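**Student:** In case you want the letters, here they are:
Number of protein chains: 2
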Amino acid sequence: MRRAIDLARRTSIVDKSGGPFGCVIVKDGSIVGEGANSVLADGDPTCHGEMNAIRHACTTLGTHDLSGCIVYTTGEPCPMCYGALWWARVEAIYYASTIQDAKEFGDFDDMPIYEAVKNPIEKRRLAGSELLRDEMIPLWREFQAMPNHPEY
Amino acid sequence: MRRAIDLARRTSIVDKSGGPFGCVIVKDGSIVGEGANSVLADGDPTCHGEMNAIRHACTTLGTHDLSGCIVYTTGEPCPMCYGALWWARVEAIYYASTIQDAKEFGDFDDMPIYEAVKNPIEKRRLAGSELLRDEMIPLWREFQAMPNHPEY
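As you go down the protein sequences, you meet chains A and B in turn.
Just so we're aligned: 47 in the numbering used here is position 47 of the first sequence, and the numbers increase by one with no gaps anywhere.
Just so we're aligned: 136 in the numbering used here is position 136 of the second sequence, and the numbers increase by one with no gaps anywhere.
By construction, these hints were calculated from the structure, which means they are not laboratory data.
As the structure is a prediction and not an experimental result, all values here were calculated from the model.
Any given hint could be a false lead.
Copies of the same chain look alike in the list, so a pair counts if it fits in one copy or across any two.
Here are the simulated BS3-like pairs of lysine-lysine, each with C-alpha atoms no more than 27 Å apart in a straight line [said to hold, decoys possible]:
(1) Lys16 <-> Lys103
(2) Lys103 <-> Lys118
(3) Lys16 <-> Lys27
(4) Lys123 <-> Lys27
(5) Lys123 <-> Lys103
(6) Lys16 <-> Lys123
Using the sequences and the hints given, assemble the complete structure.
**Tutor:** As structure tokens, then:
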């Protein structure tokens with residue numbers, strides 16, 4: 001975690017390129033991935049520290065499956081990062097500050113997303129609407145019927 | 001949406017490289033980003049169709065801010081993608097099939113993540129634990145006190 005805090009310090013205080021968010025991913029006692037927030041630096045809203053660390057670890061290990069990995073992140077993950085960590089199948093998450101801390105000290109507000117995803121997508125502040133389902137279901141049926149369709 | 005379904009067909013049925021997930025992002029009537037699921041192709045669990053389309057649109061537009069963009073995705077977004085679309089500040093989301101469809105036809109199961117994020121992180125199936133908060137808070141205070149600290 002101290003390494004993650006170092007990364008967070010570098011990106012926020014030294015480089016002034018984002019919030020103090022750093023992340024380190026460890027497997028079998030060795031660092032396999034690390035990252036810091038690079039939303040502004042990369043012009044990409046998906047580049048949170050955890051996301052960058054996941055991608056780095058996947059490159060290091062040569063797989064999309066981070067089973068057995070432990071994640072050290074300076075901030076409690078937002079729903080995007082939590083979802084990514086879930087899909088990556090990591091084993092455990094440690095965080096050094098809460099989403100309340102991020103709001104209080106940095107004006108980063110994850111709570112509205114956590115509130116939104118509790119509701120059906122039609123009823124969220126950023127809402128989703130169904131469209132052309134009748135044209136999509138045949139593709140799903142074709143996928144389901146395909147021998148040896150991709151599984152992961 | 002028909003373009004998104006085409007992308008989904010290509011990646012799943014033609015290339016056999018993933019599920020039938022495609023996404024198209026439109027601004028002012030023009031396509032600015034598109035993507036298909038490439039988790040297996042890229043060995044990266046973050047490479048859902050929506051995520052790839054967001055990154056593509058950000059590159060096209062030269063900004064992390066996709067305000068005013070409309071998203072057409074073949075599958076209702078998972079919490080990772082929904083969070084990313086939120087951070088990207090898109091205007092609206094259309095989806096062609098539900099998370100129930102993805103489970104029924106493709107055995108892709110987003111529901112456990114949606115269930116998990118309803119709870120505090122300590123109580124989720126993939127749980128998070130606080131660590132070294134006393135070493136992180138001084139960095140937050142330093143960030144807060146820094147003149148012109150990064151905002152986005």
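**Student:** Determine for every hint whether it applies to the structure shown.
**Tutor:** Do the hints match the structure? See the list:
1. For the homomeric pair Lys16 and Lys103, the shortest alpha-carbon distance inside one copy (18 Å) is at most 27 Å, but the shortest distance between copies (43 Å) is not.
2. Both within a single protomer and between protomers do Lys103 and Lys118 lie at most 27 Å apart by alpha-carbon distance, with minima of 20 Å and 19 Å respectively.
3. In this assembly of identical chains, the alpha carbons of Lys16 and Lys27 never lie at most 27 Å apart, being 30 Å within a copy and 30 Å across copies at closest.
4. Taking the shortest alpha-carbon separations for Lys123 and Lys27, only the inter-copy value of 23 Å comes in at or below 27 Å, while the best intra-copy value is 40 Å.
5. In this assembly of identical chains, the alpha carbons of Lys123 and Lys103 lie at most 27 Å apart whether taken from the same copy (24 Å) or from different copies (21 Å).
6. Within a single copy, Lys16 and Lys123 get their C-alpha atoms no closer than 37 Å, and across copies no closer than 34 Å, so neither meets the 27 Å cut-off.
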